[in-house]
Amino acid sequence: MEIVCPAGTPAALRAAVKAGAHTIYCGFNDETNARNFPGLNFDRAEMREGVRFAHDMGSKVLIAINTFPRAGAEHIWHNAVSDAAEAGADAVILADPGLLAYAAQNHPALRRHLSVQAAAANADVINYYAKCFDVKRVVLPRVLSIPEIAAINAETEVETEVFVFGGLCVMAEGRCSLSSFVTGLSPNMNGVCSPASHVDYHEDNDALSVRLGGYTIHRAEKGEPAPYPTLCKGCFTSADKKGYLFEDPVSLNAEQLIPQLKKAGVTALKIEGRQRSRSYVAQVVRNFRAAVDALEAGQPMPEGMLAQLSEGQAGTTGAYRKIWR
Amino acid sequence: MHQESVVIPIFPKGPSRVLGLLPLAPASWTLTRFSRQIAKRHPSLFRRLGEHAHARFVLDPTDLPLVMCLEPNGGVPRVSLLRGQCQGDARIAGPLAALLGLVHGAYDGDALFFSRDLVIEGDTAAVLALRNAIDDAELDLAAELGAMSGPLRQPVQRLIALGEKTTGVALSRHEEEYAR
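Taken in order, these protein sequences are the chains called A and B. Following our numbering, the numbering of the first sequence begins with 3 at its first residue and continues without gaps. Following our numbering, the numbering of the second sequence begins with 95 at its first residue and continues without gaps.
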């Protein structure tokens, strides 16, 4: 199975390659990718150099251009696709049908993957994207159980890629408006979920509060993990009840499910975290590479060491094993 | 299911007290010179800061009686060492080992933040830009210090290695090994 690893910076890309990543995904330093955060991403020269480095070491590079083009500014996204082709990317990860059409018409040799942002969660829609835009791979949304993934693979020739580690999003990815609601900016259009410019942490008597767009969305007492700055993981009190309204602040870790995912016909395992450090990238990649190598060799899965890297310091197997509250 | 945090070494009290006696003006001058050499050798670090290249960062090693004020100043940085409080656009506080470990890629910033080994306050975007810029620069402060030590390079390197061993603080970058 192929391990697809995140890289927010050229240093993280090199760390992923050195740690044994088969494939790295990354983005340009603008609103064309869904991780448009301060100090992150690649300018055009860095992208060309990163692709060259990865190819020299036998790894592939996928470029995420997975936000939705703004009316009147489509050229920014078109240029990104053309620059990805020129940089020698092995594929582009796209979500918008118009951009997929542009890429298919203007760069037919550039492999197209369907981003999780497209929220394609059944075989009919995946086959539609394959028929219209010759999409070769789909990144499945994080709402499917393993039997559902197997059912999709039984009905499509398109390769499937699934998330196995990192932060979780609320259900219909690419359609979430929570960040827009509070800050006016969203991951879908601007590439920023809970933009850092709208996030404010404040410590008072050992309690740590986080505000998003001026609204307090969580307060952690002493000894509790720091609160996550997205509305979907906010903790609210209503009628004397306190709880996480949308989802718990836990991180996906499906390391032990890799054999079942393989059996379900999954081609590639995706690690979330382009906003994380090169240290995170190296540790997670090394761990998952060891797991996949063990699986290929018919050996038992190694015990993970990734717990401390989880967002919120807590892990879950997500929808793969549906045990809803 | 909550998980174990990374254990961050705390700087020993004795050497911490000694560092607290440092004369501030010459120490600040030396640190400024050091940071300008880093700026010369790693210009992309300051490019990556973007619009935050003129922010004022307060770096607060919580196990030392000193705070550091870093002004990237668009690539001509200035560092001031102070005792007590310091005003800035953003404050990053944590054990010295955590702060230096982030520089050397030994720790993940988000993991330290979620475990509350690291505290950030003020302009979150500026903190994020600094964290990402430093992470990408792949700095090795021991190598940088060695490079500016001229003929004293060898003894300086030995001193750093001794400091690393006795305090548990990552004073140098440990190169990642290739997995294949």
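The set of hints was computed from the structure by calculation and includes no laboratory data. Here the structure is a predicted model, which means the values were calculated and not measured. Just so you know, not all the hints are guaranteed correct.
Sample of chain B residues lacking proximity to chain A, with all beta carbon distances greater than 12 angstroms (derived) [what the hints assert, rightly or not]: (1) Gly108; (2) Thr124; (3) Ala133; (4) Ser174; (5) Ala205; (6) Leu224.
Here are the simulated distance ranges between beta carbons [unchecked claim]: (7) B:Val100 with A:Lys264: 52 to 62 angstroms; (8) A:Ser211 with B:Val100: 21 to 31 angstroms; (9) A:Arg46 with B:Gln179: 17 to 27 angstroms; (10) A:Glu223 with B:Pro109: 44 to 54 angstroms.
We treat Cβ as the ideally placed atom computed from N, Cα and C, and that holds for glycine.
Hint check against the structure, violated hint numbers in rising order
Hints 5, 6, 7, 9, 10 contradicted; others consistent.
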